[in-house]
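Each chain, written out:
Number of protein chains: 2
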Amino acid sequence: MKHDVKRKTDQQLKVMADAPRGPSCTRKAKHSSCCMITAKGDIHDKADKRTSHNGSLLQQPSKEDMHRRPGLFFWTKHFVCGVRAHQDVYLNDLPGNDFNTIFRSLPRFLGNLKNEIGSGFGPCFFFTGTPGSFYDRLFATESLHFVHSSYSLHFLSKVPEGIESNKRNIYMASTSPPCVVKAYYDQFQTDFSMFLKYRSQELVTGGRMVLTLLGRRSNDPTSKECCYIWELLAMALSDMVSEGFVEEEKLNSFNIPKYTPCPAELKTEVEKEGSFAIDRLEVSEVNWNANDDKLCPSDELKDGGYNVAKCMRAVAEPILASHFGKTIMDEVFRRYREIIADRMSKERTEYVGFVIYFTKYL
Amino acid sequence: MKHDVKRKTDQQLKVMADAPRGPSCTRKAKHSSCCMITAKGDIHDKADKRTSHNGSLLQQPSKEDMHRRPGLFFWTKHFVCGVRAHQDVYLNDLPGNDFNTIFRSLPRFLGNLKNEIGSGFGPCFFFTGTPGSFYDRLFATESLHFVHSSYSLHFLSKVPEGIESNKRNIYMASTSPPCVVKAYYDQFQTDFSMFLKYRSQELVTGGRMVLTLLGRRSNDPTSKECCYIWELLAMALSDMVSEGFVEEEKLNSFNIPKYTPCPAELKTEVEKEGSFAIDRLEVSEVNWNANDDKLCPSDELKDGGYNVAKCMRAVAEPILASHFGKTIMDEVFRRYREIIADRMSKERTEYVGFVIYFTKYL
Numbered sequence: 001m002k003h004d005v006k007r008k009t010d011q012q013l014k015v016m017a018d019a020p021r022g023p024s025c026t027r028k029a030k031h032s033s034c035c036m037i038t039a040k041g042d043i044h045d046k047a048d049k050r051t052s053h054n055g056s057l058l059q060q061p062s063k064e065d066m067h068r069r070p071g072l073f074f075w076t077k078h079f080v081c082g083v084r085a086h087q088d089v090y091l092n093d094l095p096g097n098d099f100n101t102i103f104r105s106l107p108r109f110l111g112n113l114k115n116e117i118g119s120g121f122g123p124c125f126f127f128t129g130t131p132g133s134f135y136d137r138l139f140a141t142e143s144l145h146f147v148h149s150s151y152s153l154h155f156l157s158k159v160p161e162g163i164e165s166n167k168r169n170i171y172m173a174s175t176s177p178p179c180v181v182k183a184y185y186d187q188f189q190t191d192f193s194m195f196l197k198y199r200s201q202e203l204v205t206g207g208r209m210v211l212t213l214l215g216r217r218s219n220d221p222t223s224k225e226c227c228y229i230w231e232l233l234a235m236a237l238s239d240m241v242s243e244g245f246v247e248e249e250k251l252n253s254f255n256i257p258k259y260t261p262c263p264a265e266l267k268t269e270v271e272k273e274g275s276f277a278i279d280r281l282e283v284s285e286v287n288w289n290a291n292d293d294k295l296c297p298s299d300e301l302k303d304g305g306y307n308v309a310k311c312m313r314a315v316a317e318p319i320l321a322s323h324f325g326k327t328i329m330d331e332v333f334r335r336y337r338e339i340i341a342d343r344m345s346k347e348r349t350e351y352v353g354f355v356i357y358f359t360k361y362l
Numbered sequence: 001m002k003h004d005v006k007r008k009t010d011q012q013l014k015v016m017a018d019a020p021r022g023p024s025c026t027r028k029a030k031h032s033s034c035c036m037i038t039a040k041g042d043i044h045d046k047a048d049k050r051t052s053h054n055g056s057l058l059q060q061p062s063k064e065d066m067h068r069r070p071g072l073f074f075w076t077k078h079f080v081c082g083v084r085a086h087q088d089v090y091l092n093d094l095p096g097n098d099f100n101t102i103f104r105s106l107p108r109f110l111g112n113l114k115n116e117i118g119s120g121f122g123p124c125f126f127f128t129g130t131p132g133s134f135y136d137r138l139f140a141t142e143s144l145h146f147v148h149s150s151y152s153l154h155f156l157s158k159v160p161e162g163i164e165s166n167k168r169n170i171y172m173a174s175t176s177p178p179c180v181v182k183a184y185y186d187q188f189q190t191d192f193s194m195f196l197k198y199r200s201q202e203l204v205t206g207g208r209m210v211l212t213l214l215g216r217r218s219n220d221p222t223s224k225e226c227c228y229i230w231e232l233l234a235m236a237l238s239d240m241v242s243e244g245f246v247e248e249e250k251l252n253s254f255n256i257p258k259y260t261p262c263p264a265e266l267k268t269e270v271e272k273e274g275s276f277a278i279d280r281l282e283v284s285e286v287n288w289n290a291n292d293d294k295l296c297p298s299d300e301l302k303d304g305g306y307n308v309a310k311c312m313r314a315v316a317e318p319i320l321a322s323h324f325g326k327t328i329m330d331e332v333f334r335r336y337r338e339i340i341a342d343r344m345s346k347e348r349t350e351y352v353g354f355v356i357y358f359t360k361y362l
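Top line first, the protein sequences correspond to chains A and B.
Mapping of the first sequence onto the working numbering: residues 1 to 362, in sequence order.
Mapping of the second sequence onto the working numbering: residues 1 to 362, in sequence order.
Just so you know, these hints were derived from the structure itself, not from any lab.
Please note that a few of the clues may not be correct.
Copies of the same chain are indistinguishable here, so a pair counts whether it falls within one copy or spans any two.
[Said to hold, decoys possible] In silico lysine-lysine, DSS-like type, Cα no more than 27 Å apart, as pairs:
#1 K167 with K272
#2 K250 with K167
#3 K114 with K346
#4 K182 with K114
#5 K197 with K114
#6 K158 with K114
#7 K272 with K114
#8 K272 with K250
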């Protein structure tokens with residue numbers, strides 16, 4: 001097992017940029033973009049040959065690409081290009097989220113892919129959408145050859161119970177009581193162990209899994225690298241409480257269902273589950289502002305506060321709106337943008353992203 | 001092969017009542033509710049046992065039920081109740097149609113099914129949505145055990161070419177030139193043969209297929225039993241042309257992509273394709289007014305013109321609106337309702353519905 005911890009400051013992250021949003025995205029987890037890929041027929045032989053030749057089932061994309069394009073189709077494309085055979089591609093999301101947008105973009109995706117791959121592409125793979133939580137069983141036993149989840153697994157299945165004392169915070173923070181931190185960790189353990197258990201049942205022996213998710217390097221789950229961006233959002237909400245726009249009780253009863261684990265915590269769950277080997281774990285730092293290294297960004301895209309607040313709005317608005325109401329969302333994110341812009345001008349602001357490669361060996 | 005032609009006047013039909021509608025439902029075919037069911041693992045053995053025991057892979061629903069409940073889940077439920085094993089259920093529709101509504105109703109459907117079946121239900125089947133045209137390949141070779149299409153196959157993949165002479169009609173009519181009738185039949189042959197060819201590739205040998213669709217008993221494709229309801233719609237549009245609300249050219253260039261075959265035409269295509277046996281073909285007459293035999297219908301539901309126009313609006317509005325514009329739709333269907341009510345008060349008005357049972361023997 002190799003933990004390849006690297007520092008890369010030129011990488012980008014669009015958090016949940018491709019994530020569909022639906023009415024079910026309330027206080028429950030909003031995980032999406034889990035692309036389960038299974039290949040039938042002669043693909044297994046070809047995959048084995050590729051494995052012995054390249055040491056990987058996949059045509060390896062660059063790490064820059066992986067952080068830039070966390071969408072549903074990204075791994076699919078690399079998988080399809082790598083192995084030409086009949087393939088079933090299952091795109092998973094919660095039943096309440098939006099599959100229509102993904103399905104409507106399929107014909108163009110397939111057209112482009114056909115142009116890219118060239119003739120002889122034929123009817124070689126088949127897309128389906130699988131509605132359901134990936135913290136539950138989704139597929140028949142040993143029916144998958146490859147699983148990928150893209151920037152979703154840091155969302156928990158629900159807000160942890162027993163965290164009423166986490167007042168004026170909306171996530172774990174340095175001011176959170178220890179019982180809150182423990183409740184978050186317990187929920188992560190429950191959820192991630194379920195994910196591993198069910199994927200293990202669904203994958204064939206020798207099947208591969210690649211997970212990308214937000215994490216942290218520190219052993220402290222309240223460390224700045226993973227909690228800061230939410231603390232700034234709590235700050236915007238707290239200001240609105242002080243000014244009478246939001247009831248204090250509303251803020252005190254709101255928490256984000258999210259957990260960004262450290263490598264040791266991930267490893268513990270993988271070892272407890274017992275059927276996966278971690279082939280590699282890469283840790284990268286990714287700038288909050290996805291457009292930070294664009295050569296010629298537009299004036300709007302030069303505004304880091306605008307970019308990051310917009311990106312976070314795509315992730316958090318459905319959850320916030322279901323609790324605080326839609327009407328205050330513009331004001332919340334206006335204030336959030338100002339706070340972010342101020343902090344970005346004064347300090348280095350980065351997420352920590354993990355890419356983890358697994359093989360199911362049992 | 002047995003053609004079981006029966007007359008049943010007490011049956012009901014909700015045409016495409018469950019059909020999702022999306023922006024792609026324009027002049028192209030709007031086929032939906034094609035439920036492809038494949039069962040993995042030990043289901044094949046069980047299915048074989050059932051076949052030899054019952055003469056059918058399916059727990060046979062009543063014919064009344066089949067016409068009353070043409071929705072996506074109906075056959076699924078009967079299949080699931082009939083064979084308890086891991087099952088993959090693929091729900092197919094065009095990529096532009098609405099999968100979200102179906103997926104959001106899945107948890108309740110599964111909950112009810114669990115209550116109905118009782119304990120031990122477990123993770124025994126898995127739903128996915130498959131976006132794509134059923135006139136194209138959708139699944140891997142020999143990956144399906146059962147296919148069902150519910151009231152969709154009378155929609156063609158496109159409006160037939162070369163029917164510019166079909167003036168003041170919107171479908172085949174007694175006044176249509178012979179070349180129009182031939183063009184419609186040619187398109188039906190092309191489409192239905194493609195459907196059979198691709199499903200044959202996807203089904204295992206011994207796999208079953210049940211198709212429900214609108215048809216006709218007469219050999220004349222312009223006969224009243226299949227064309228009358230569209231002639232009345234053309235009448236409403238034609239009145240609006242005469243009164244200057246619709247341009248004549250707009251009406252002349254509009255045609256519905258639909259074909260209601262007779263048993264002999266279906267049989268011809270099945271024999272040409274060569275890998276299916278028709279085990280049974282049932283022909284039923286179904287009242288235009290789905291609420292006609294309700295014991296205590298509300299005042300609104302007593303109004304046959306209202307019911308039938310509303311039902312037809314669900315089917316035809318997306319196609320009409322994309323050609324004539326949304327603004328005149330209320331007026332079109334107000335006039336259509338009046339015309340339908342008048343005719344229903346004077347004559348017997350019925351659709352002809354087919355249920356066809358196939359086995360893939362090659």
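Hints versus structure:
no.: 1; hint: K167 with K272; in the structure: neither (33 Å within a copy, 73 Å between copies)
no.: 2; hint: K250 with K167; in the structure: within (10 Å within a copy, 64 Å between copies)
no.: 3; hint: K114 with K346; in the structure: neither (47 Å within a copy, 56 Å between copies)
no.: 4; hint: K182 with K114; in the structure: neither (50 Å within a copy, 35 Å between copies)
no.: 5; hint: K197 with K114; in the structure: between (36 Å within a copy, 23 Å between copies)
no.: 6; hint: K158 with K114; in the structure: between (40 Å within a copy, 23 Å between copies)
no.: 7; hint: K272 with K114; in the structure: neither (43 Å within a copy, 31 Å between copies)
no.: 8; hint: K272 with K250; in the structure: neither (38 Å within a copy, 68 Å between copies)
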